[in-house]
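S.K.: In case you want the letters, here they are:
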Amino acid sequence: MYVAAKGGERAIENAHRLLAHERRGDPAVPELTLDQIESQLTLAVDRVMNEGSLYDRELAALAIKQARGDLIEAIFLLRAFRATLPRFGASEPIDTSAMAVRRRISAAFKDLPGGQLLGPTFDYTHRLLEPQSTEAQDEPAQAEAATASMPRVTDLLGSDDLVEQSPPDTGETPGDLTHDPLGFPADRDLRLQNLARGDEGFLLALGYSTQRGYGRNHPFAGEIRMGDLEVEFTPPELGFAVPLGRITVSECQMINQFRGTATEAPRFTRGYGLAFGHCERKVMSMALVDRALRARELDEEVKAPAQDEEFVLSHSDNVQATGFVEHLKLPHYVDFQAELGLVRKLRDEFAASEPVKEAAE
Amino acid sequence: MTAAAYNFAYLDEQTKRMIRRAILKAVAVPGYQVPFASREMPMPYGWGTGGVQVTAAVLGPDDVLKVIDQGADDTTNAVSIRKFFVKTAGVRTTTDTGEATVIQTRHRIPETPLKANQILVFQVPIPEPLRYLEPRETETRRMHALADYGLMHVKLYEDIAHHGHIATTYAYPVKVQGRYVMDPSPTPKFDNPKMNDCPALQLFGAGREKRIYAIPPYTNVVSLDFEDHPFERYRFDGICALCGSDESFLDEVITDDRGGRMFVCSDTDYCQGRRGEKSAPPTVPTEAARD
Chain A
1 MYVAAKGGER
11 AIENAHRLLA
21 HERRGDPAVP
31 ELTLDQIESQ
41 LTLAVDRVMN
51 EGSLYDRELA
61 ALAIKQARGD
71 LIEAIFLLRA
81 FRATLPRFGA
91 SEPIDTSAMA
101 VRRRISAAFK
111 DLPGGQLLGP
121 TFDYTHRLLE
131 PQSTEAQDEP
141 AQAEAATASM
151 PRVTDLLGSD
161 DLVEQSPPDT
171 GETPGDLTHD
181 PLGFPADRDL
191 RLQNLARGDE
201 GFLLALGYST
211 QRGYGRNHPF
221 AGEIRMGDLE
231 VEFTPPELGF
241 AVPLGRITVS
251 ECQMINQFRG
261 TATEAPRFTR
271 GYGLAFGHCE
281 RKVMSMALVD
291 RALRARELDE
301 EVKAPAQDEE
311 FVLSHSDNVQ
321 ATGFVEHLKL
331 PHYVDFQAEL
341 GLVRKLRDEF
351 AASEPVKEAA
361 E
Chain B
1001 MTAAAYNFAY
1011 LDEQTKRMIR
1021 RAILKAVAVP
1031 GYQVPFASRE
1041 MPMPYGWGTG
1051 GVQVTAAVLG
1061 PDDVLKVIDQ
1071 GADDTTNAVS
1081 IRKFFVKTAG
1091 VRTTTDTGEA
1101 TVIQTRHRIP
1111 ETPLKANQIL
1121 VFQVPIPEPL
1131 RYLEPRETET
1141 RRMHALADYG
1151 LMHVKLYEDI
1161 AHHGHIATTY
1171 AYPVKVQGRY
1181 VMDPSPTPKF
1191 DNPKMNDCPA
1201 LQLFGAGREK
1211 RIYAIPPYTN
1221 VVSLDFEDHP
1231 FERYRFDGIC
1241 ALCGSDESFL
1251 DEVITDDRGG
1261 RMFVCSDTDY
1271 CQGRRGEKSA
1281 PPTVPTEAAR
1291 D
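Which chain is which? The protein sequence lines are A and B, in order. When you line the first sequence up against the working numbering, it's residues 1 to 361, in that order. When you line the second sequence up against the working numbering, it's residues 1001 to 1291, in that order.
Hints may contain errors.
[What the hints assert, rightly or not] When the alpha-carbon atoms are kept at most 30 angstroms apart in a straight line, the in silico DSS-like pairs for lysine-lysine are as follows:
| no. | chain 1 | residue 1 | chain 2 | residue 2 |
| --- | --- | --- | --- | --- |
| 1 | A | Lys-345 | B | Lys-1025 |
| 2 | B | Lys-1175 | B | Lys-1155 |
| 3 | B | Lys-1175 | B | Lys-1115 |
| 4 | B | Lys-1083 | A | Lys-329 |
| 5 | A | Lys-65 | B | Lys-1083 |
[Stated by the list, open to error] What follows is a set of in silico ranges between Cβ atoms, one per label pair, in the way DEER data are often shown:
| no. | chain 1 | residue 1 | chain 2 | residue 2 | range |
| --- | --- | --- | --- | --- | --- |
| 6 | A | Asp-169 | B | Ala-1147 | 40 to 46 angstroms |
| 7 | A | Glu-297 | B | Glu-1013 | 49 to 55 angstroms |
| 8 | A | Ala-262 | B | Gln-1177 | 30 to 36 angstroms |
| 9 | B | Asp-1197 | A | Ile-247 | 53 to 59 angstroms |
Because the hints were derived from the structure by calculation, they are not lab data. For each residue, glycine too, the CB sits at the ideal point set by N, CA and C.
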């Protein structure tokens, strides 16, 4: 008796039980705690918060654990939870020049006000596996907290009008692609939101492609900074801003190819990246792609994938991408059957025409 | 963290209202793809999130829900979606097509004719019938606005030139009420005629692509074709090995590694109903279908 399609419900339940078993692993090994994930896999937590669009280290750690370390699955868990949260308003814009900086480098100037600050970085480490590195290390070196202000490189250059200014605040509420379907052409607010939520690997590859000539725009890492900021919110009933908490963000200001027109003196253009936590690769890639996507407004010819906003914005979301790619696992018996029928018919017709062909030869 | 308390049918009322507005617009302009602010659902994009949002928006406490995938009530994704609504809405579910008030489906239209007061909700992966001919949304929206469907006819013509037949066997494009060309979702073209003049409301939800469209009851739905190459319904020329039906769409099941195969109804409820009524044993043994 044909029963292949039966028992779906039991099969699903059993699969989920098996999954839970595999997730736990060897019961003789202590179970991972959320604290461990939150404090020792910090960059994984940062990535999940970014692409999950939710700043909550504990929930991100839970998602990573539940997803067995599959970060896209963890991002998906966080997104689905986020979609159920009520919105009570938008925060005040954060000011990254007021950041309590933990890392700040500029590749454009040897020294600059506030100095270069390496901070916790993989840069210049020798990538040698070090089994001992899991043990406690020396205490970090201490220094007096810098009191000097740390102006953004783009502001320094901007004061000489050498780089384009930040766009003026028009007072318009920025768009939100989680509440309105994305349409094209998309303005920069929506593009940046899309990129901030976008898959790091996808943006990395696109950013890389611009460096290799597919939409080249001569980038300099004007500044990369990472540190902590207070987020403020103005409740309508109070009328003044109150702090909601502190978050860590990374920011990249890319300085790109200059341009001028008959009426405007030449100045550098900019690409921008901002994301939660410590995630330089992400914000640098984002800044490269942001600049590439500005081709239309800067009167550049759109010819490379990274400049094509419909292509980039439609495919950057890894939750959408993984869902659609993996849906190929779902049954397609019916469509396949319909195709089989056609191919068999075409083959029959082909076979029937064979002798005629031979005769003609 | 405390256990999350979800609204009836999961979505909050604001979201449902937004979706219902999109549905109303879709019903008012049959076949037109209405953009909507699709939400992230707790199941993957591409696995029915559009259909699930539409069902959640139209479902009431008194509704009786049926969920099918490939025509069957017991395929894994149908089971999963049905369980989701049992859990979040507590509605009564059924496998009986006639008893259901809302039917969510992937890839099939039930064999049992639908009635007025029933809603059929399709899960749609790619709502744009022109997408594989023109990847740009900006361009396809313009083509729909101008009813510029020449490209589709050229594609169908090229099929005939290459293969001698229109080589589209599922997701076969239709024209709705003489205006919009519409993707019926990847149902086999066998099901296309069921959409025409159907007493039930047909709603289509594409979550990842953020589109909803509709065919109101008793709407004219025509499969695209040419005078000299009229639309043909395809079904394997055989009868169901279980119920003996010679008019249902059949699934092919491979029974061994020596070329053995049998054909059974893809619509499990239809098949069981016929067997219940007639209580006849399978009229075609596996052997007979082998060749």
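S.K.: Output the numbers, in ascending order, of every earlier hint that fails for this structure.
M.R.: 1, 7, 8
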